[in-house]
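Here is how the chains run, residue by residue.
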Amino acid sequence: MLPFSIEFIVGDLIEPQLEAAIHRAVLSGQVVPGARLPGWRTVSAELRVHPAAVRKVFDALRRAGWLTGDDEQPVAALPDAATAERVRARLIRDKVRSLRSDAGRLGVPMERVHEMLSEEGADE
Amino acid sequence: MSDELAIETYGLCKRFRRKTAVENLNLNVPVGSVFAFLGPNGAGKTTTIKMLMNILSPSSGEGAVLGCPITHISPEIMAQIGYVSENQKMPEWMTVGGLLSYCKPWYPTWDDAFCDRLLKQFDLPMDRKLRHLSRGMKTKAALLSSLAYRPRLLVLDEPFSGLDPLVRDEFIRGVLELTEQEQWTVFVSSHDIDEVERLANWVGFINDGALTVCEPVASLQSRFRKIEVILAGETTARPVLPADCLLPEASGRTVRFIDGAASVPDRMEELHRLFPVGAQMSASPMGLRDIFLTLTRHGRVQKERGAA
Numbered sequence: 001m002l003p004f005s006i007e008f009i010v011g012d013l014i015e016p017q018l019e020a021a022i023h024r025a026v027l028s029g030q031v032v033p034g035a036r037l038p039g040w041r042t043v044s045a046e047l048r049v050h051p052a053a054v055r056k057v058f059d060a061l062r063r064a065g066w067l068t069g070d071d072e073q074p075v076a077a078l079p080d081a082a083t084a085e086r087v088r089a090r091l092i093r094d095k096v097r098s099l100r101s102d103a104g105r106l107g108v109p110m111e112r113v114h115e116m117l118s119e120e121g122a123d124e
Numbered sequence: 125m126s127d128e129l130a131i132e133t134y135g136l137c138k139r140f141r142r143k144t145a146v147e148n149l150n151l152n153v154p155v156g157s158v159f160a161f162l163g164p165n166g167a168g169k170t171t172t173i174k175m176l177m178n179i180l181s182p183s184s185g186e187g188a189v190l191g192c193p194i195t196h197i198s199p200e201i202m203a204q205i206g207y208v209s210e211n212q213k214m215p216e217w218m219t220v221g222g223l224l225s226y227c228k229p230w231y232p233t234w235d236d237a238f239c240d241r242l243l244k245q246f247d248l249p250m251d252r253k254l255r256h257l258s259r260g261m262k263t264k265a266a267l268l269s270s271l272a273y274r275p276r277l278l279v280l281d282e283p284f285s286g287l288d289p290l291v292r293d294e295f296i297r298g299v300l301e302l303t304e305q306e307q308w309t310v311f312v313s314s315h316d317i318d319e320v321e322r323l324a325n326w327v328g329f330i331n332d333g334a335l336t337v338c339e340p341v342a343s344l345q346s347r348f349r350k351i352e353v354i355l356a357g358e359t360t361a362r363p364v365l366p367a368d369c370l371l372p373e374a375s376g377r378t379v380r381f382i383d384g385a386a387s388v389p390d391r392m393e394e395l396h397r398l399f400p401v402g403a404q405m406s407a408s409p410m411g412l413r414d415i416f417l418t419l420t421r422h423g424r425v426q427k428e429r430g431a432a
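Chains A and B, in that order, are what the protein sequence lines are. The opening position of the first sequence corresponds to residue 1 in the numbering used here, with each subsequent residue numbered one higher. The opening position of the second sequence corresponds to residue 125 in the numbering used here, with each subsequent residue numbered one higher.
Among the hints, erroneous ones may be present.
[Said to hold, decoys possible] Estimated spans, in silico, between C-beta atoms of each pair: (1) A:Ala-35 <-> B:Arg-377: 30 to 38 Å; (2) B:Glu-373 <-> A:Val-10: 19 to 27 Å; (3) B:Pro-154 <-> A:Arg-100: 46 to 54 Å; (4) B:Arg-424 <-> A:Met-116: 30 to 38 Å; (5) B:Glu-373 <-> A:Ala-122: 39 to 47 Å; (6) B:Leu-371 <-> A:Val-10: 35 to 43 Å; (7) B:Arg-377 <-> A:Asp-71: 49 to 57 Å; (8) B:Gly-286 <-> A:Arg-97: 58 to 66 Å; (9) A:Ala-35 <-> B:Gly-286: 36 to 44 Å; (10) B:Ala-385 <-> A:Leu-106: 24 to 32 Å.
Just so you know, the hints here were simulated from the structure itself, not pulled from any lab data. Predicted, not measured: the structure shown is a model, and the values here were computed from it. Every residue, glycine too, gets a C-beta built ideally from N, C-alpha and C.
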């Protein structure tokens with residue numbers, strides 16, 4: 001079993017989805033920095049993804065500071081604060097974009113969306 | 125012939141009397157790729173594979189597998205290729221163990237430890253005769269006998285037909301075991317791509333014997349988008365769409381089509397300008413299955429228009 005969650009969206013490229021899943025896992029605390037992650041073969045077999053795609057993602061994550069160790073025994077890491085903040089914002093921005101698009105289609109003004117967000121916050 | 129290509133063909137044709145089964149096929153399968161060879165039933169997939177495996181002779185054209193001309197594949201090259209086909213003829217009187225013992229001497233690279241690991245993984249009974257195995261078990265036995273010598277090229281012809289999801293899953297895991305070695309390539313034909321959608325990184329579409337696509341999956345996926353346009357008001361007027369906008373449909377205020385040139389810069393703006401002011405346009409990515417269906421339907425529409 002993989003220690004992070006991923007639900008692939010059919011049609012979207014594999015690599016950015018896998019990269020975002022690991023970003024999300026580290027930022028949400030699902031994977032603790034310093035924790036060992038499965039090697040490329042296991043990730044490839046578990047997700048039925050081409051191994052080259054996994055290695056490419058590991059490489060990108062390592063360069064950005066999200067992983068240490070090699071492809072056989074990667075270890076999760078937290079990158080510098082600016083990178084983490086940028087990725088955190090990007091993950092949320094994708095959802096905001098989709099929310100804004102849905103609101104526009106359904107004719108809900110953004111002011112009302114803001115109110116709804118505040119109401120949701122008050123409920124918690 | 126290139127060292128970078130596990131399979132390459134130039135103008136490969138196969139005719140059976142008046143029927144052309146494969147026409148002018150130019151196929152390039154890079155070493156290290158999982159190449160999904162897709163096409164509807166009767167498109168020419170099996171005929172192509174049989175030519176690649178030197179089971180059928182091409183009517184014209186040429187090709188090479190692991191650098192060796194397909195009409196003269198040497199036993200040394202054959203020993204580096206694993207081939208599993210749908211409805212593969214098996215020596216039914218043999219036990220699983222007997223089949224493996226029979227195959228082993230033919231392959232200098234046979235790996236006993238790997239074979240044992242796969243046997244456990246596939247849960248195959250060594251002492252059971254092949255005729256007493258279920259279809260799924262038989263397919264796993266065929267795959268095992270083709271993986272145990274760690275082939276550099278694995279050719280799978282419709283391997284998932286009729287297999288239950290669990291066996292399909294075990295099958296894919298088995299194929300992935302090959303990735304432990306340096307040089308490996310998988311060429312898998314299918315009319316149903318769901319199972320290898322994420323695994324394949326190259327794709328070829330064949331339709332009516334002709335190859336319509338041969339490129340990396342990422343580049344294909346970036347070219348195709350499902351476009352939906354919601355018009356501001358009722359209108360029966362429809363814009364003339366570019367030729368690479370496929371299968372246009374309209375109902376009420378909604379227009380849908382498949383954009384086959386989505387990777388062109390500023391494409392959305394270009395398409396948006398074709399519709400009246402106020403139209404809302406959205407684009408969604410497409411999986412291989414949808415792209416495959418689109419190309420097949422588009423091919424049929426073109427053929428019908430040509431015939432009319």
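Report task. Could you say whether the range 30 to 38 Å given as a hint is met by the Cβ separation of Ala-35 (chain A) and Arg-377 (chain B)? Result -> Check failed, 51 Å falls outside 30 to 38 Å.
Query - Supplied distance hint 30 to 38 Å, evaluated on CB atoms of Arg-424 (chain B) and Met-116 (chain A) - result: Because 47 Å falls outside the window, the suggested range is violated.
Query - Supplied distance hint 35 to 43 Å, evaluated on CB atoms of Leu-371 (chain B) and Val-10 (chain A) - result: violated (18 Å)
Query raised in the report: Cβ-Cβ distance between Glu-373 (chain B) and Ala-122 (chain A): within 39 to 47 Å?
Result: Because 44 Å falls inside the window, the suggested range holds.
Query raised in the report: When you take the CB atoms of Ala-385 (chain B) and Leu-106 (chain A), is the distance between them in 24 to 32 Å?
Result: holds (30 Å)
Query raised in the report: Falls inside 46 to 54 Å, the C-beta gap from Pro-154 (chain B) to Arg-100 (chain A)?
Result: violated (41 Å)
Query raised in the report: Cβ-Cβ distance between Ala-35 (chain A) and Gly-286 (chain B): within 36 to 44 Å?
Result: holds (42 Å)
Query raised in the report: Does the hinted range 49 to 57 Å hold for Arg-377 (chain B) and Asp-71 (chain A) at CB?
Result: For Arg-377 (chain B) and Asp-71 (chain A) the Cβ distance comes to about 51 Å; the hint holds.
**Report entry** Satisfaction of the hinted span 58 to 66 Å by the C-beta atoms belonging to Gly-286 (chain B) and Arg-97 (chain A)
**Finding:** With Cβ atoms ~43 Å apart, the hint is violated.
Query - Range hint 19 to 27 Å (beta carbons of Glu-373 (chain B) and Val-10 (chain A)) holds or violated - result: Holds: the Cβ-Cβ distance is about 21 Å, inside 19 to 27 Å.
Hint violations for this structure: numbers 1, 3, 4, 6 and 8, all remaining hints satisfied.
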